[in-house]
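Chains B, Z, G and P supply the protein sequences, listed in that same order.
Counting with our numbering, you get residues 3 to 339 for the letters of the first sequence.
Counting with our numbering, you get residues 3 to 339 for the letters of the second sequence.
Counting with our numbering, you get residues 3 to 339 for the letters of the third sequence.
Counting with our numbering, you get residues 3 to 339 for the letters of the fourth sequence.
For the record, the hints were derived by calculation from the structure and aren't laboratory data.
Keep in mind that the hints are not guaranteed to be accurate.
Repeated chains share a single entry, so a pair holds when one copy, or any two copies, can fit it.
[Unchecked claim] Below, a list of computed lysine to any residue pairs in the SDA-like style, where the Cα atoms sit at most 25 Å apart: (1) K24 to H10; (2) K327 to D46; (3) K320 to V335; (4) K320 to G293; (5) K24 to K179; (6) K337 to E81; (7) K327 to S12; (8) K24 to T246.
Protein chains: 4
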Amino acid sequence: MILVLKPHTSAEDNTRVESLVKNKGLTPHMVVGNEMTIIGCVGDTSKVDPRLFEVDPSVERVMHVQEPYKLANRAFHPENSIIDVSGVKIGGDHLGLIAGPCSVETYEQVLGIAKTAKASGANLLRGGAFKPRTSPYSFQGLGLEGLEILEAVKKEVGLPIVSELMSPQYLDVFNEKVDLIQIGARNMQNFDLLKQLGQIDRPILLKRGLNATYEEWIMSAEYIMAAGNENVILCERGIRTFETYTRNTLDLQCIPVLRKLTHLPIIIDPSHAGGKWWLVDSMAMAAVAAGADGLMIEVHNNPEAALCDGAQSLKPEKFDNLVRKVSQIAHVVGKEV
Amino acid sequence: MILVLKPHTSAEDNTRVESLVKNKGLTPHMVVGNEMTIIGCVGDTSKVDPRLFEVDPSVERVMHVQEPYKLANRAFHPENSIIDVSGVKIGGDHLGLIAGPCSVETYEQVLGIAKTAKASGANLLRGGAFKPRTSPYSFQGLGLEGLEILEAVKKEVGLPIVSELMSPQYLDVFNEKVDLIQIGARNMQNFDLLKQLGQIDRPILLKRGLNATYEEWIMSAEYIMAAGNENVILCERGIRTFETYTRNTLDLQCIPVLRKLTHLPIIIDPSHAGGKWWLVDSMAMAAVAAGADGLMIEVHNNPEAALCDGAQSLKPEKFDNLVRKVSQIAHVVGKEV
Amino acid sequence: MILVLKPHTSAEDNTRVESLVKNKGLTPHMVVGNEMTIIGCVGDTSKVDPRLFEVDPSVERVMHVQEPYKLANRAFHPENSIIDVSGVKIGGDHLGLIAGPCSVETYEQVLGIAKTAKASGANLLRGGAFKPRTSPYSFQGLGLEGLEILEAVKKEVGLPIVSELMSPQYLDVFNEKVDLIQIGARNMQNFDLLKQLGQIDRPILLKRGLNATYEEWIMSAEYIMAAGNENVILCERGIRTFETYTRNTLDLQCIPVLRKLTHLPIIIDPSHAGGKWWLVDSMAMAAVAAGADGLMIEVHNNPEAALCDGAQSLKPEKFDNLVRKVSQIAHVVGKEV
Amino acid sequence: MILVLKPHTSAEDNTRVESLVKNKGLTPHMVVGNEMTIIGCVGDTSKVDPRLFEVDPSVERVMHVQEPYKLANRAFHPENSIIDVSGVKIGGDHLGLIAGPCSVETYEQVLGIAKTAKASGANLLRGGAFKPRTSPYSFQGLGLEGLEILEAVKKEVGLPIVSELMSPQYLDVFNEKVDLIQIGARNMQNFDLLKQLGQIDRPILLKRGLNATYEEWIMSAEYIMAAGNENVILCERGIRTFETYTRNTLDLQCIPVLRKLTHLPIIIDPSHAGGKWWLVDSMAMAAVAAGADGLMIEVHNNPEAALCDGAQSLKPEKFDNLVRKVSQIAHVVGKEV
């Protein structure tokens with residue numbers, strides 16, 4: 003941590019700030035310049051709130067140098083984490099391919115999609131039972147009934163399932179029935195929920211908030227890990243920018259950046275990011291070319307009749323075609339579906 | 003709702019889309035142009051998901067014309083809502099003045115701040131017992147003990163209290179002890195929590211999410227209202243933009259915009275928005291000049307030693323000075339503190 | 003400037019980076035921590051490009067400590083600059099009130115608006131002769147003929163004029179005829195034009211780019227000042243964010259921030275920011291309450307027939323009413339119209 | 003164009019708005035709903051400013067349905083445009099590979115880079131002679147001397163050259179010496195310059211503004227095309243968002259979106275977008291996987307000593323390696339370097 007003092011502080015001011023630093027258990031190193039003075043703080047700054055120093059009348063600015071996360075930090079865990087989702091490995095050379103409908107509607111619907119998706123190469127089945135909707139008047143998902151449908155299809159088809167948890171109230175049932183628990187963008191900083199996810203050891207798929215910085219996103223993973231569950235997979239699903247033609251802007255730079263900052267696997271969801279099915283193909287290929295550890299793709303047998311987000315769903319035959327192209331790209335970058 | 007069809011659709015396509023519209027209980031009105039065709043849909047579109055039509059291969063775009071909210075909509079409730087917070091009215095000509103520390107630390111601290119804030123003119127006392135923090139390693143608030151301190155101070159000083167609820171787990175105790183339940187920016191779309199807030203009738207202070215549009219923000223109020231609790235106050239606390247000198251960008255245009263769209267009162271929190279105490283004065287005055295129904299200001303007797311966000315807190319004497327200036331501005335725009 | 007080195011750099015690496023710093027004429031001060039090393043650089047860093055150090059394989063990050071601007075910096079010029087626009091003072095206690103139509107259309111139009119605006123209290127007349135339009139097919143302004151109309155109205159009514167310059171080609175004629183030369187948001191970083199504005203001594207009204215940070219905006223003023231013209235007034239006109247209900251988001255926090263960083267006057271344009279006439283009143287009052295040095299308001303006698311941006315123009319009677327309220331607010335904050 | 007009227011307008015209001023529409027040469031089609039009325043406007047709306055209707059007191063909102071661009075619109079020009087840059091084709095199956103230093107420094111420097119880049123597979127040479135810099139105190143480029151160096155290297159090595167034009171003042175010399183004239187992000191809406199580019203027929207590389215929507219970007223191309231020059235190539239170089247870890251956020255969704263909206267070729271510049279050399283590889287591969295028509299990559303033989311932006315430059319051997327991987331990806335998507 004570095005404290006930048008205001009121009010022309012007095013010797014007493016400098017001494018007072020030095021004491022403040024010492025009081026927090028850090029060692030101050032003062033650099034006196036012509037026009038300003040800076041104090042480098044040596045020690046474990048990860049548990050010191052930088053804003054505490056900003057209040058001092060002689061402190062102009064506080065700059066963080068070290069990343070505030072430990073468990074998720076690649077610096078302390080140089081190898082890639084490989085997360086095992088009920089037998090399917092994600093991370094390293096293993097590409098995760100999650101496919102399925104936005105919402106669970108009926109057993110027949112999910113079964114049909116799951117069979118064709120598996121045949122195309124998907125290794126995980128997604129389906130929303132509880133749906134976060136902007137409007138209280140929109141379809142909110144089948145709830146527990148949806149989870150039962152997923153469970154039944156899993157028994158039949160053999161793909162582990164991914165589904166979104168919105169409330170601590172259902173943590174136990176998700177822990178029992180769902181193989182990879184998804185936390186949606188709007189709950190990325192639902193800190194209460196994150197802490198509870200640390201109590202179980204099911205893998206967690208943590209989606210990036212619409213306006214979350216890389217650091218905030220990793221800090222949310224750190225919440226889960228610090229509470230005891232290190233099985234976290236990060237999922238980019240688009241950020242909010244000024245551009246409104248697409249639903250969100252897919253930030254693929256996150257792949258090399260996260261690779262550098264953290265050892266956790268990174269999955270890309272091109273269906274939600276763009277909100278239009280005709281964007282999915284090119285963005286899925288781009289994601290794999292950039293080194294993503296997996297894809298999450300909405301597939302629906304009858305998008306025209308979907309109860310939610312049909313506009314961003316691929317039909318099974320289009321998904322099949324996509325998997326073929328993605329596999330070729332994966333081969334170039336040294337991954338296998 | 004308006005459907006814009008793709009250029010040069012055939013008569014059969016048009017007919018198929020017309021049927022889709024009718025199937026949703028709406029009446030289609032087709033306007034055939036030189037290069038494109040549009041279909042105006044008449045009926046109650048608030049419960050129809052526009053994305054359902056986007057899937058049709060002949061539909062280019064779907065445009066929403068009506069606001070998707072009903073209970074919060076000024077069109078159906080032309081007078082300003084005035085919310086009664088344990089005797090303090092907010093809305094109309096009544097300016098709410100919420101002051102207090104970011105975090106509850108000790109009884110003496112809160113008591114001291116509450117007394118001076120009340121003497122200066124504050125009519126509500128704020129204090130955080132549960133704190134949403136980006137890092138799991140930061141101070142998370144005193145929890146239930148913090149609520150008890152607030153309750154004790156309320157008994158002593160007589161100001162109703164405002165505090166943030168982060169989890170459904172504590173809804174009952176908040177309903178019992180807190181006069182105005184604050185929902186933070188990061189929980190604005192915690193839909194599960196919003197639905198539960200509709201079960202009680204305590205007033206709710208709903209902060210705007212860092213990247214929430216006006217419509218999304220009002221829809222979150224609609225969630226609470228649709229579930230049964232119409233006592234909602236909106237609170238702007240800054241949005242996230244590209245500018246990083248300030249913590250967030252305070253959007254004061256929200257005041258006239260929300261005034262037009264909804265009947266709910268609007269409070270401004272300049273302390274969180276800027277993140278620097280020296281921005282609070284001018285932004286508080288600006289907010290009242292723009293017609294805000296209230297202010298939420300962080301006040302701390304010893305910001306240098308605050309456990310959280312001292313950098314954005316005013317000292318009691320500065321707050322006193324601010325209230326005097328704000329009162330003069332309020333007088334110009336026809337409000338009274 | 004502070005260099006943060008990568009974790010666990012060797013003594014040789016440290017020495018190499020130290021040499022780099024010395025080569026740029028700066029004095030390095032090394033602070034060796036447990037996990038990382040930082041080097042404080044003392045000297046005139048304003049002319050050293052920080053990115054030059056980022057290339058070194060041992061450098062993790064470079065942090066700028068000093069503001070990169072000198073002439074516009076309040077640290078070196080503590081008093082407020084007061085700019086004299088052909089006899090009208092802007093800055094300090096003097097509130098500039100710029101009113102007029104978006105586009106110059108006819109002599110009669112401008113004359114009528116100018117007379118009523120002056121009677122209401124405006125002290126400068128605005129009117130666009132050259133219009134920056136997103137579409138090549140939109141009305142582009144009357145050009146030189148527009149300037150002549152403004153000149154004729156100025157002779158008749160006596161208000162100095164403000165008009166936008168879009169190209170170096172017309173710099174001479176603007177220098178001759180226009181009292182305050184406006185540089186639009188889209189040209190804020192047209193560095194070639196900025197340099198040429200430094201060759202004259204007419205006051206310049208420099209609008210903030212839609213996505214310009216405070217620092218970039220001040221640096222554009224610095225371009226003009228460094229080239230020889232210190233008569234610069236800054237004008238906020240809204241920034242682009244995710245919110246699309248309003249045309250742009252008006253950032254009033256810029257007022258106290260710029261007040262701290264620079265001595266140049268700050269004017270607010272609420273008409274362009276919101277794009278809707280019914281937002282102008284409250285935002286104009288808010289701007290003055292926050293300490294703005296002036297306002298720029300679009301006024302049109304017949305907004306329904308305006309050739310451009312009628313939707314954001316006030317009618318003369320509404321403007322008159324606004325000036326009265328603004329004057330009361332100005333009085334509270336110690337300014338006079 | 004669709005006009006949405008305010009709720010409960012009277013028959014007279016409706017008639018008045020209908021007349022307004024007719025006066026602009028459009029045919030109105032009224033759709034009367036329960037709660038609101040909309041008017042579909044049929045005819046050539048591309049030259050009608052929608053804001054003209056917004057002023058009417060009965061009009062709530064105006065929605066544009068047709069794209070405002072014609073010449074750049076794929077609807078009127080279904081085949082991909084292939085632009086010939088002095089013999090190098092860009093667009094269709096032809097991948098453009100532009101490489102070279104950020105700034106031209108010396109003849110030897112550019113010559114060395116050009117030779118190795120060409121050997122690796124680059125087909126165009128970039129080099130900045132005039133540099134847009136945020137600070138007036140930063141290196142501004144060698145100017146005309148830089149152009150002469152580029153010309154000399156072109157003669158020696160045989161690669162057509164790409165360089166940035168910042169001012170109409172140098173249009174003639176660029177037209178003579180430069181094969182592909184680059185317009186930088188900050189000049190994307192320098193409309194005066196765009197119009198002048200229409201007077202020549204050199205190909206133009208139009209970079210996206212940091213906050214430009216797809217529509218604004220295409221409209222800037224339309225400016226050049228409407229003025230007579232249809233040889234326009236679009237170049238994405240990152241947009242500004244809340245994320246500051248990377249310099250900008252690279253928006254690769256622009257590739258499929260622009261492919262749909264326009265027939266112009268699309269090139270991606272991953273060097274500027276991220277601002278860090280270690281992001282270039284993965285983003286270049288992603289861009290080609292997503293269907294880009296070319297890449298623009300900064301290459302420098304000695305990034306540590308570069309006068310500008312060394313931090314984002316690849317060394318020649320890294321570039322060579324990248325071209326090999328990019329070629330494999332290009333092969334998968336049916337393009338050839």
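These are the hints, each one checked on the structure:
Within a single copy, K24 and H10 get their C-alpha atoms as close as 22 Å, and across copies as close as 24 Å, so both meet the 25 Å cut-off. In the homo-oligomer, the alpha carbons of K327 and D46 never lie at most 25 Å apart, since the shortest distance is 47 Å inside one protomer and 42 Å across protomers. Taking the shortest Cα distances, K320 and V335 sit within 25 Å of each other both inside one copy (23 Å) and across copies (16 Å). In the homo-oligomer, the alpha carbons of K320 and G293 lie at most 25 Å apart both inside one protomer (22 Å) and across protomers (17 Å), since each shortest distance falls under that limit.
When the C-alpha separation of K24 and K179 is checked against a cutoff of 25 Å, the pair qualifies neither within a copy, at 51 Å, nor between copies, at 40 Å. In this assembly of identical chains, K337 and E81 lie within 25 Å of each other by CA distance solely inside one copy; the values are 16 Å within and 35 Å between copies. In this homomeric assembly, K327 and S12 never come within 25 Å of each other (Cα to Cα): the closest approach is 66 Å inside a single copy and 33 Å across copies. With identical chains, the CA atoms of K24 and T246 are never at most 25 Å apart, being 49 Å at best within one copy and 29 Å at best between copies.
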